[in-house]
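There are 4 protein chains.
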Amino acid sequence: MGRSALDAYSNGAVWWDTQISGIQKNEIIIRGYPIEELIGTLSYSQMLYLLLCGEVLSDKKARLLESVLVAGADHGPRAPSIAAARMAATCGISFNSCVATGINVLGDIHGGAAEKAMKLFYQTNTLLAADPNKSLSEVVAQQLDLLQQSGEKLAGIGHQLHDDDPRIKRLYALAEALVEEGEISGTYLRMAEEFRSQLAERKKRKLTMNIDGVAAAIQCELAIPAEAAKGVFALSRGMGIVAHAFEELQNQVLIKGPCPNRDDLVRYSGPALRHLDPADRE
Amino acid sequence: MGRSALDAYSNGAVWWDTQISGIQKNEIIIRGYPIEELIGTLSYSQMLYLLLCGEVLSDKKARLLESVLVAGADHGPRAPSIAAARMAATCGISFNSCVATGINVLGDIHGGAAEKAMKLFYQTNTLLAADPNKSLSEVVAQQLDLLQQSGEKLAGIGHQLHDDDPRIKRLYALAEALVEEGEISGTYLRMAEEFRSQLAERKKRKLTMNIDGVAAAIQCELAIPAEAAKGVFALSRGMGIVAHAFEELQNQVLIKGPCPNRDDLVRYSGPALRHLDPADRE
Amino acid sequence: MGRSALDAYSNGAVWWDTQISGIQKNEIIIRGYPIEELIGTLSYSQMLYLLLCGEVLSDKKARLLESVLVAGADHGPRAPSIAAARMAATCGISFNSCVATGINVLGDIHGGAAEKAMKLFYQTNTLLAADPNKSLSEVVAQQLDLLQQSGEKLAGIGHQLHDDDPRIKRLYALAEALVEEGEISGTYLRMAEEFRSQLAERKKRKLTMNIDGVAAAIQCELAIPAEAAKGVFALSRGMGIVAHAFEELQNQVLIKGPCPNRDDLVRYSGPALRHLDPADRE
Amino acid sequence: MGRSALDAYSNGAVWWDTQISGIQKNEIIIRGYPIEELIGTLSYSQMLYLLLCGEVLSDKKARLLESVLVAGADHGPRAPSIAAARMAATCGISFNSCVATGINVLGDIHGGAAEKAMKLFYQTNTLLAADPNKSLSEVVAQQLDLLQQSGEKLAGIGHQLHDDDPRIKRLYALAEALVEEGEISGTYLRMAEEFRSQLAERKKRKLTMNIDGVAAAIQCELAIPAEAAKGVFALSRGMGIVAHAFEELQNQVLIKGPCPNRDDLVRYSGPALRHLDPADRE
Numbered sequence: 001m002g003r004s005a006l007d008a009y010s011n012g013a014v015w016w017d018t019q020i021s022g023i024q025k026n027e028i029i030i031r032g033y034p035i036e037e038l039i040g041t042l043s044y045s046q047m048l049y050l051l052l053c054g055e056v057l058s059d060k061k062a063r064l065l066e067s068v069l070v071a072g073a074d075h076g077p078r079a080p081s082i083a084a085a086r087m088a089a090t091c092g093i094s095f096n097s098c099v100a101t102g103i104n105v106l107g108d109i110h111g112g113a114a115e116k117a118m119k120l121f122y123q124t125n126t127l128l129a130a131d132p133n134k135s136l137s138e139v140v141a142q143q144l145d146l147l148q149q150s151g152e153k154l155a156g157i158g159h160q161l162h163d164d165d166p167r168i169k170r171l172y173a174l175a176e177a178l179v180e181e182g183e184i185s186g187t188y189l190r191m192a193e194e195f196r197s198q199l200a201e202r203k204k205r206k207l208t209m210n211i212d213g214v215a216a217a218i219q220c221e222l223a224i225p226a227e228a229a230k231g232v233f234a235l236s237r238g239m240g241i242v243a244h245a246f247e248e249l250q251n252q253v254l255i256k257g258p259c260p261n262r263d264d265l266v267r268y269s270g271p272a273l274r275h276l277d278p279a280d281r282e
Numbered sequence: 001m002g003r004s005a006l007d008a009y010s011n012g013a014v015w016w017d018t019q020i021s022g023i024q025k026n027e028i029i030i031r032g033y034p035i036e037e038l039i040g041t042l043s044y045s046q047m048l049y050l051l052l053c054g055e056v057l058s059d060k061k062a063r064l065l066e067s068v069l070v071a072g073a074d075h076g077p078r079a080p081s082i083a084a085a086r087m088a089a090t091c092g093i094s095f096n097s098c099v100a101t102g103i104n105v106l107g108d109i110h111g112g113a114a115e116k117a118m119k120l121f122y123q124t125n126t127l128l129a130a131d132p133n134k135s136l137s138e139v140v141a142q143q144l145d146l147l148q149q150s151g152e153k154l155a156g157i158g159h160q161l162h163d164d165d166p167r168i169k170r171l172y173a174l175a176e177a178l179v180e181e182g183e184i185s186g187t188y189l190r191m192a193e194e195f196r197s198q199l200a201e202r203k204k205r206k207l208t209m210n211i212d213g214v215a216a217a218i219q220c221e222l223a224i225p226a227e228a229a230k231g232v233f234a235l236s237r238g239m240g241i242v243a244h245a246f247e248e249l250q251n252q253v254l255i256k257g258p259c260p261n262r263d264d265l266v267r268y269s270g271p272a273l274r275h276l277d278p279a280d281r282e
Numbered sequence: 001m002g003r004s005a006l007d008a009y010s011n012g013a014v015w016w017d018t019q020i021s022g023i024q025k026n027e028i029i030i031r032g033y034p035i036e037e038l039i040g041t042l043s044y045s046q047m048l049y050l051l052l053c054g055e056v057l058s059d060k061k062a063r064l065l066e067s068v069l070v071a072g073a074d075h076g077p078r079a080p081s082i083a084a085a086r087m088a089a090t091c092g093i094s095f096n097s098c099v100a101t102g103i104n105v106l107g108d109i110h111g112g113a114a115e116k117a118m119k120l121f122y123q124t125n126t127l128l129a130a131d132p133n134k135s136l137s138e139v140v141a142q143q144l145d146l147l148q149q150s151g152e153k154l155a156g157i158g159h160q161l162h163d164d165d166p167r168i169k170r171l172y173a174l175a176e177a178l179v180e181e182g183e184i185s186g187t188y189l190r191m192a193e194e195f196r197s198q199l200a201e202r203k204k205r206k207l208t209m210n211i212d213g214v215a216a217a218i219q220c221e222l223a224i225p226a227e228a229a230k231g232v233f234a235l236s237r238g239m240g241i242v243a244h245a246f247e248e249l250q251n252q253v254l255i256k257g258p259c260p261n262r263d264d265l266v267r268y269s270g271p272a273l274r275h276l277d278p279a280d281r282e
Numbered sequence: 001m002g003r004s005a006l007d008a009y010s011n012g013a014v015w016w017d018t019q020i021s022g023i024q025k026n027e028i029i030i031r032g033y034p035i036e037e038l039i040g041t042l043s044y045s046q047m048l049y050l051l052l053c054g055e056v057l058s059d060k061k062a063r064l065l066e067s068v069l070v071a072g073a074d075h076g077p078r079a080p081s082i083a084a085a086r087m088a089a090t091c092g093i094s095f096n097s098c099v100a101t102g103i104n105v106l107g108d109i110h111g112g113a114a115e116k117a118m119k120l121f122y123q124t125n126t127l128l129a130a131d132p133n134k135s136l137s138e139v140v141a142q143q144l145d146l147l148q149q150s151g152e153k154l155a156g157i158g159h160q161l162h163d164d165d166p167r168i169k170r171l172y173a174l175a176e177a178l179v180e181e182g183e184i185s186g187t188y189l190r191m192a193e194e195f196r197s198q199l200a201e202r203k204k205r206k207l208t209m210n211i212d213g214v215a216a217a218i219q220c221e222l223a224i225p226a227e228a229a230k231g232v233f234a235l236s237r238g239m240g241i242v243a244h245a246f247e248e249l250q251n252q253v254l255i256k257g258p259c260p261n262r263d264d265l266v267r268y269s270g271p272a273l274r275h276l277d278p279a280d281r282e
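Which chain is which? The protein sequence lines are A, B, C and D, in order.
Residues in the first sequence are numbered consecutively from 1, following the numbering used here.
Residues in the second sequence are numbered consecutively from 1, following the numbering used here.
Residues in the third sequence are numbered consecutively from 1, following the numbering used here.
Residues in the fourth sequence are numbered consecutively from 1, following the numbering used here.
Hints are computed from structural coordinates only; laboratory data are not their basis.
Do not rely on the hints blindly, as some may be mistaken.
[Said to hold, decoys possible] Derived pair list, reagent style DSBU-like, types lysine-lysine, alpha-carbon separation capped at 35 Å: (1) C:K25 <-> B:K116; (2) A:K203 <-> B:K25; (3) B:K25 <-> A:K206; (4) C:K25 <-> D:K203; (5) B:K116 <-> A:K25; (6) D:K116 <-> C:K203; (7) D:K60 <-> C:K169; (8) A:K25 <-> B:K203; (9) A:K119 <-> D:K153; (10) C:K203 <-> D:K153; (11) B:K134 <-> A:K25; (12) C:K169 <-> B:K116; (13) B:K25 <-> A:K25; (14) D:K25 <-> C:K25; (15) B:K25 <-> A:K169; (16) B:K119 <-> C:K116; (17) C:K119 <-> D:K25; (18) D:K60 <-> A:K116; (19) B:K153 <-> C:K204; (20) D:K206 <-> D:K153; (21) B:K153 <-> C:K119; (22) B:K169 <-> A:K116; (23) D:K134 <-> C:K25; (24) A:K60 <-> B:K153; (25) C:K60 <-> D:K60; (26) D:K116 <-> C:K25; (27) C:K169 <-> C:K204; (28) C:K169 <-> D:K116; (29) B:K169 <-> B:K204; (30) A:K153 <-> D:K25; (31) A:K153 <-> B:K25; (32) D:K169 <-> A:K119; (33) B:K25 <-> A:K204.
Bear in mind that the values here come from a model prediction, so they are computed numbers and not experimental data.
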């Protein structure tokens, strides 16, 4: 029970204690800065980073983070997050609740691959730092062995639709430009590429990075914690969710289901017609 | 039943028809633009506006919208949206679901005032356009009369904590600089101020604009539809929700309630102890 | 600001004050009753009614409420609530969050008709009580006139799929049996039927009550407040949402969208391919 | 990619295929039964079990499941699920969305212990079945050793407030009465008690079962899958969430935070006041 809020409180902790913001009458402090100095000065990605990580990102790094947010903003109404939000918009709930419906489903599987890849990348970097005699190539091989043994999939590689995703090249080019300028180290970009190429070699087929893989590498370059990645993606895909739910609201359709009422799309395959018989009860 | 999705489909409509994005193999089109041209070029607020409204906002206007997003990002753990997200983070659900929990409560009352003010502003502008003989002052007076008769509160004015909110002056200054540069018209900024000053005169007391009022005026200047305002705010406050939920996750507290277990904060005031009596059943 | 929690607190109110439950060490009181007397004694619908309305429903009335809960439990995967929950189950979030995703969309339009009908029924009853010279038939006619003038649809009548819904007859029969036994008055059942038949006569076509209309009449017979109806339905349809999300979880499908990736189901109808041109920016 | 919905569809699967319900014009089939036979015949817990598990539970077993649902219905406004739903009710969203807000937080930690305990119980039973020479006591000891080695806590034991929870004795008594009648086997009730007593002996202190532990044992007796437990609890605690959100709605308080605005409850402990300096940017 050492982690209960009640215990902490009885040991003198304040119930709601935060290092993020201080709110007093006519004063709003964000990570030490008065809000009026941030408004009109910081971009969206700088504000997000300040709130999340505590410091102000350089303009160049902030634009790189903004590129990641822009890249993931939408993937059309067949993404469950977008479809759920659009359907919500036909059901008569508050617009923000439609948006929440979409964001609620951006979990471990739909949108969560970046977090998984970031954990692997950070762990790989720790292994590298711990043993200076080992090369990146050796440590990546060792990590792929472990994944293979556990039967786990490498996150951030491959896509069910794209095999030459236009977002990847563009994000890589933007990130590499910052490496050349010395703004970021390039450690994680090289690492992600090493994972991809070694896996392709093992599988003997073409394998491409996906949007989660690149987003993971860039977020690692910016020292964003892996556990925060789903929140970052919620604000990226959140843009598409807002736009799609709004389009559906304007359509003024009532109670829209996932697809038309057609037998080739919806089917009942349970028990045939039967009747209640007390003798059947378990 | 004229608004049912089934009817539209049987009349030839495609089930999921969108003007926002087209997704094909290795091709992602957003409002006509290939995504790779947008990444690294558009800022967050430009991408949001493009998705939501269909066109690319000028850089100066985009920075003004970004200012609105930054201004509303956080108001501390006593805001229900932030508190709900922080509590969620102690309950063992996916991080994105913590974020959705916070966004879900940004409804008509908590975060919805901008929408209400925007509807009033757009309607006031329509009235002005319809009768060129009437001055802004006359139409605003007439609108305040109507509000008074219906007993409705004017949205966007007054705050339970601040009476000189540091965000307001800053946002007004940024917006007015764009009016002087001819980027925006200033129509809605003047209108909001006219509403505020006339109401203060009627009430015979100092009244200040609140963050929702300024945000409403600026969003009207940018032609954002009133009905979209809750979505815009979800992505603004979403930053604070992400950061606070993440801070709480890192605290690793288990099942944190809203406040300590103290009799001065939580009380049962229902019927005194009683026992089930079949005769009591209604 | 007379309705702010801060004002109430500064006037001596306890922050969390409830008449529903009192929790102390080894003691849980629900509306005055010790929880151990309720467990194994009250049915689900009795417990719900006790929590919501404060008293214990008779066994017969409770079974009638249970019938309403059972009747609305499921309407297949084409209902947006069910589809959203099933899609959520393929996205990697906590099972309860899948359930919440489904319940979140049971709003004014999808599931909200009972509340609307209940408001009309209670208001009609108040009008009847206020003028003893008017018959049910006259007051219903007057209410239909008002609805017609305002262009509003009568809630609780008609269904996009069923025109002889098997749930309706059964619920009516169960309710009428209780009228005959004197358990409920029958006032609202007769009123709902009067609305249906008068509207059918005006429209000169067959019109049937829908599940929301019968559920509304029965809930009025049990004195459940109209504003609570969406919560009651959340626990009714909640059963179907739980079962469908669970079935989808067991399927172990990853990221399931609303429908297959077919051009006749999903279409982009926005601007044709174009390129960013600074001159285009608004 | 073997688990993608697209792959299954291209191999001939129907997109929405369900064994739960079949909906046709004027026909609703639930697990084979026409809905009109279920309404007024099945109790809430029987309907839930039929939807979730496919068969009709005997009346006695159904009453035992109903007891579990009643027992978990409420634990007052200090539970995060209840507090989140009450705060939502002051923010201006649809009532069902308030309910969803509460259910959304019933995750692995807050409400998830039953699932964890059920997994352990089912696994323990499998081990017992696999080796007929081992006694329950031996297998439980072995399982506790494994838990101890992995540093994991035994779910279902201990409570931060109660040490003699009135719900536990009552539920145990009801369940044991069914064992005596031969309705259920008692296997899991004995197993849960064996876990509790062995752990108490190891820890050399009094340890009590908590509500999740008993609920887990009873659900195992009824063959409910462990992975479904969070959904069952959502419908149990859902009753309390509905009632509390409704009480808050009736209070008509606007934007209620988690606690009063007092320095001993809310504190900013981040960096002291500072100003933006371009040189500081990372």
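### Query
Is A:K153 within 35 Å of D:K25, Cα to Cα?
Answer violated: A:K153 to D:K25 is near 45 Å, above 35 Å.
### Message
So if I understand the rule, the pair passes when the alpha-carbon distance is 35 Å or less; does B:K134 with A:K25 pass?
### Response
At roughly 39 Å apart (the allowed maximum being 35 Å), A:K25 and B:K134 break the hint.
### Task
Mind checking the alpha carbons of B:K169 and A:K116 for me, to see if they're no more than 35 Å apart?
violated, 43 Å
#### Entry: Satisfaction of hint between C:K25 and D:K134, Cα-Cα up to 35 Å
Measuring from Cα to Cα gives roughly 39 Å; hence the hint is violated.
### Message
Would the hint linking B:K25 and A:K25 be met if the CA-CA limit is 35 Å?
### Response
violated, 53 Å
### Message
Tell me if the straight-line CA distance from A:K203 to B:K25 falls inside 35 Å.
### Response
holds, 23 Å
### Message
B:K169 and B:K204 were given as a pair; does the straight-line alpha-carbon distance stay at or below 35 Å?
### Response
holds, 22 Å
### Message
Hinted pair, alpha-carbon criterion (35 Å max): D:K206, D:K153. Please report holds or violated.
### Response
holds, 16 Å
### Query
Quick one, are B:K25 and A:K169 close enough, alpha carbons at most 35 Å?
holds, 15 Å
### Query
Is the hinted pair B:K153 and C:K119 satisfied, with a Cα-Cα distance of at most 35 Å?
This hinted pair holds, its Cα atoms lying about 25 Å apart.
### Query
Is the Cα-Cα distance between C:K25 and D:K203 35 Å or less?
Given pair C:K25, D:K203 holds - Cα atoms ~23 Å apart, limit 35 Å.
### Query
CA of A:K153 to CA of B:K25, is that 35 Å or under?
Within the cut-off at roughly 23 Å; holds.
The structure shown violates the earlier hints numbered 1, 6, 10, 11, 12, 13, 14, 18, 19, 22, 23, 24, 28, 30 and 32.
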